[in-house]
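With chain Y's structure known, arrange chain L on it following the hints.
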Amino acid sequence: MKKYLIILITLFFVTSCNDEIEDLKPFSQGDPSTFFNSVRTFQLGVDGALQQMRLYYEDAGSGLQGIPDILSDNVIISRSGRLSNRDYYEYTYNPNTLGPVSLYFYKAYNSIRTANTVIKQIDNLPAGEDRDNILGQALAIRAYAHFDLARIYAKIPTQSDDANGSLGVAYIKAEDGDTEDELAKPKRETVAANYTEIIEDLEKALTLVGVDNGLERFNKNSINGILSRVYLYNGDYQKAIDAADKVTTKIIKGDKLDDLYTDVTQDGIVFTLAINSATETRNNNVGVLYNQSNDDGVRSEYVIDHEFYNSIPDTDPRKAAMRFVGKWEGNDYNAVKKFLGEAGENNGRVDIKVLRAAEVILNKAEAQYELGKTTEALATLDLLRAERNGGAGAGGETGAALEDAIQFNRRIELAFEGHRFFDIKRRGEDLNRSNKGDLIDGTGTPPVAQTVSAGNFRFQLPIPISERNVNPDFNQNPGY
Amino acid sequence: MRTKFSGILTLFLAFVVQITFAQEKTISGTVTDDKGLPLPGVNVVVRNTANGTQTDFDGNYTIMANRGAVLSFSYVGFETKDSAVQDSDVINVQLVASAAELEEVVIQAFGAKSRTLTTTAISSVAASDVKDLVPSTGIDNMLQGKAAGVQVTAANGRPGQTAYIQIRGIGSLSADTSPLYIVDGIPMDDDNIPNINPNDIENFSILKDAASSALYGSRAANGVVLITTKQGKTGQAKIIFRSSIGSAKRIKDPFDLMNASQKLELERQYAALGVTAAARLPGATASEEERARLISYDTDWEEELLRNSYIQSNSLSISGGSEKFNYFLSLGYDKNSGIIDRIKGYERISTRLNTSYQAKDWLRIGANVAVSRFTDDRPRDRNNVQNPFRGVYDYNPYDPLYSRDDQGNIVLDGFGNPVISPTNTGFPIARAITTEPDTATNLLTLGNLSADITLSENFSNSFKVGVSNRRFNRYQASLGGGVLQQFVGSRKFPGTQRNTQTIDLEFNISNILSYQQTFGDAHNFGASFLVEYFQRTLTSLIAGSRGFPSPDINYQIVAAEPTQADTDREQNAIFGQALLVDYDYDSKYILSGSIRRDGSTRFGPKEKYGYFYSGSAAWNLAKENFLSDSFFNDLKLRVSYGTAGNDNIDEFLYLNLLSFNRTYNGESTALPTIIANPDIKWESQSQLNIGLEFGLWNNRITGAFDYYIKKSDDLLLPRPISATVGGLPAVRDDTDPENIIVSNVGEIENRGFEFGINADIIRNENLKWTVGGTMSIIDNEVKKLVGGQDITSTRTILREGEEINSFFLVRYAGVDPNNGKPLFLDLDGNVTDTYSASNAVLLKGKSPQANLEGGFYTTINYKGFGLRTDFVYKSGNYILNNQRSSTLSPNGINRNQSVDAFNYWKKPGDTGVLPSPLFGATSNQRSDRFLQKGDYIRLRNVTLSYDFPETVLKMLPISGMRIYAQGQNLWTITKYEGDPEIGLGSAETSQPGDDGFVAGAFSQFSYPQVKSYTVGLDIEF
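For the protein sequence lines, the chains are Y and L, in the order given. Mind the numbering: the first sequence is residues 1 to 480 in this note's numbering, read in order. Mind the numbering: the second sequence is residues 10001 to 11021 in this note's numbering, read in order.
Pulled out of the complex, with its shape left as it was, chain Y reads as follows (with noise of 0.2 Å):
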């Protein structure tokens, strides 16, 4: 009988074991349903977003804060470096190739899948002014990824006359449903299409999102500056203007601008993906991109353009600001400054500066000039060249020098932070680099590609192998 009573109850035992196959929960993530509950929990998703948005930003090998640098005429590569992002250097990129073809297109739909969830998810809060910051600053992120696609992937609608007819990116919106199927292949829509729901979101974002959220997270400031690059792209340039009126950031002054790249100071910053250099410590050395330090000197992987350095007037701060003595294996090279790291750090890991008010300045005097407001233009550009101790330029000019006064000065403010390529790109110029090498004084290895016309089907960016694989209607830019 013992035995019996044994057996019972191991069979009792083992059968009770059947509650943990139903009850099991997960131990450390949450039900988006009913996670996002209050103002606070809603932050984190957008906060979220802004990861995302950051990663693509901020990755050391391929990050939007260097590659559009990389892929024009202020650097050229170092022969003594890794010879990373030569093909895209060298315009030689293709579907398959490693890296910015690829990251930014997943990073910058991961954003916004984020910034959708929280879309989603927003009527759990009860409406007024919290539910409305948190709705504007997720559309606006949603708008801000879109517009990072398009002018990677599609051209600018300002880069020539087929652009707004030619093809753009998907645009993702959970209002629209594009969210439920996950299993959708959506088809890319026009250029113009984008640009249209780009800017709807940002300005329906504009009147929900709040003024205090700080330069880490997007507010009325930002949206509008952001607005008054979109608008420049857009060629709609009386709303450029109208837009960068109402960044109410200063430029910073140029004494401080070493301290600005060293995030000592934030001034004249308006959008900045920030980074919290103690405990996120790990694979974001957005200055790896341009060079790597040790003791036995700088390694740089590109180096700042001969001719172009020396096309600056020495009076111009923001010429030291960029610039430092590269030395390795006994050979000088104009390595660049900006991404360092912070203050008597050398790793190469600062915030991202997405947005500055120096930036804005530069889109209204541009769109001013387009308009053929020359007076204005000059005027704004000159609020810029007094910070600057005079800039470049003869001051005082007119026509064609004026247009080339603004987009010099731009080139000069704005180097090395994600801007050139594209500044190109939707100006519809030819990309021309210099002769010259690699070295200090100019000599060295001068570059492979040294003129790419405005025409070349590169300056749009290759749909990566991997989306045409799953998703073949999401059709490839022509030449690829």
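Among the hints, erroneous ones may be present.
What the hints assert, rightly or not - When the alpha-carbon atoms are kept at most 27 Å apart in a straight line, the in silico BS3-like pairs for lysine-lysine are as follows:
#, chain 1, residue 1, chain 2, residue 2
1, L, 10035, L, 10081
2, Y, 256, L, 10588
3, L, 10975, L, 10252
4, L, 10081, Y, 185
Calculated from the structure, these hints are not laboratory results.
Just chain L, lined up with the frame of chain Y:
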């Protein structure tokens, strides 16, 4: 617990005492069979005592016994014979084959069964079959070529790395296709397998068809490997000590890298042609004097970065038992320094105690306890300068190991130590390997308890509990002032360190109630009911800090500030119930069937439970009258059909979830995790197996044929989806784009034919010669995919009607003889000189899976001398040889190249040449240019051994001694340009668990295979 252990200890001591002080006389003799041939392994026991021994290879035995005692000689398949001890010190015995013929016992699911009564395809590999291979540290590698249908692909050559084992092809498309391991009845995670000491294993049993594995239901779709560890045998304590030492080195490539003067010359030629990348290299710019200096360095980087490894293995086991109690105790120590210079490599200490005790006449209890710990280095397996194997190929031979000044003198640092040169890569791996340490420790504690209860003549019950606890500790640091810290570290906080601890607790409890009855004389009926619960809990703890006062102190307590602190937990469970029935008529006609229901936490409420069933039948033709006098000892035809499942996916994939493990500007964030699939369900597999087993001429030739069709349906696969949906990678800090949804995507089919044979060609008193081999032929096809749509990964594709994971690449079409341009084919097959990734096509019949593989061996024993040779072979697979590509890459002229790189196109009309280096931008793009056949035959093992004869042993206080010399991977035939044994191409590029990982798809500087030499000694007391 304490009393129990002290009881065991007392018993154990009792044996020791007995060995030491018993003072009887020594009896010796020879045991032979009815034909007069010596019988090894016969149990010789002094009746009514615990005193016993076994005969050696020559049938000889020695035993202590008192006059008048009775010696009992027993051997499987023979009648037991008793003989009383008289005056004579010699007792020779001849045993007669028993009426019940030689019965081979097969370990199968939940118990052992006579080979005659099995109805399913099971391969058995006994310890004695792999004894000669034992000094290899891993047990999985030993299985290669030993069992038909078991495909083993060595992952790479890193000591401690597990191999990929596949049973009957790819049964699943999900990343993990490894079988379910059951050790002594308890399921075990394959990560725990390297913790097992191969010397402790008695037997492997590989359940190949669905009918044999269906009892493990939900997790058996990839087949099951049953491992049985050794148990003590009744008789005197047997003490075995084994020791071996050896050394290994990298297997050479079939091509040479350049020496310093060759490399400088290639650079000069490239620069002269106008290759920009070569213009500033020393070959183009160096003065005559400098050139001579560089040539004088002529560094052999293999010599500087790698070494001959040191391999050591020691083990001690003590086993024995009485009628009621038996024990097996073992202790093992293994060390393998690996071939990377300057780090420690692999080290394992293992202990085990297996006991069983007949507590009451109706109750037998057993306890197996094992503790083992291994540590290993984890050098970066990455396709960049942080990988020493890449350094061997990349570093220029004119770069010296130590930096030199312009006069060629070695540069010294402040302490007078030579400075390691940063080389052309700027990253001195020879230094980084010590400043960027990464080591792991695995501590596995294993306890199995069992209770077998005999309830009545017909009913019995078996209860088992198994607990395994694996503590995995990883230490990763970047030392202050080290190579990486200088580049990316903080100046204020020099040095970073991360400690990870993962505790994997697995718990399994099962109970089987069995009924056995014979009706009439010949109708044998059996039924069992099984209940089983399995739970796995993974808890992890990660701490990271930065700012270390000294690189010599590697504990975070001294660090300036913490940078990371994580704890997490993961859990899954399976609950199963099963019913098994079997019936046989006089052992001639055999039928069995089973059904199992499993519930898994990995599926949503709708699909939580799965049902798996099987049926099988066998006919022992040899037992029929018409074959009774033939040369067939055994002839059995069997058929089986059954289903099994697979739940090998991550947790909670059916739920949309938020994760909070990333921060923005130092604050928490909420991010949607990967895309959920609420409809996700069990992957199921059905298999039909037809087999024939035979034994001829007194079982001198034995073998089996099997043919099977295996269909896997509702395959679970991370299916790539459009990036526009915005899935997030599940892994923290993973920046690789990955957009997937785990789904049941389709159906694949494997068909195969297997054949295994063993033959004793010569078997007489002095000479025994055995040959044997296995062969598996496999054909596979993707039958169905969701919506008929292709699933494309980086290098391979799944397409309906094609081979699984066929390569999907741009076709290379050679070199244009007119201008040296590399040519490719476009989608329509037209030759073009532009490279476009969109011209990738499926390459029919070319995939990383072999369609023929196996092994063969021969053993010759002559008067104590033994020579065993084992070959393994594989054919029909293709490998994308990126490693070769990088040695013939004009764009990589700043790195070292293969000597063959000189053979490039120089003038119109050149054929049989490499593309002109001017087109380096396209020539080495991903295409089938370096897609090479992976066929090989490899001499896996040669062992020459000598067993000392009785005459010598008599003079020594030992009962057995064997010495041997062994070589592994000494010889290979292959056309592949590199080593064809590749599982992992580059772990950090693509490894199991990554989307699209396919074992053996490409090579890219992972830890290479090695060639080794070992000598060893076994002593038995």
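Against the structure, the hints:
1. Taken as a hint, the residue 10035 of chain L and residue 10081 of chain L pair is honoured in the structure, with Cα atoms around 16 Å apart against an allowance of 27 Å.
2. Proximity of residue 256 of chain Y to residue 10588 of chain L is assessed by CA-CA distance (about 95 Å); at most 27 Å being required, the pair is judged violated.
3. Simply put, residue 10975 of chain L and residue 10252 of chain L have alpha-carbon atoms about 13 Å apart, close enough for the 27 Å limit, and the pair holds.
4. Taken as a hint, the residue 10081 of chain L and residue 185 of chain Y pair is broken in the structure, with Cα atoms around 78 Å apart against an allowance of 27 Å.
In this structure, the hints that do not hold are numbers 2, 4, in rising order.
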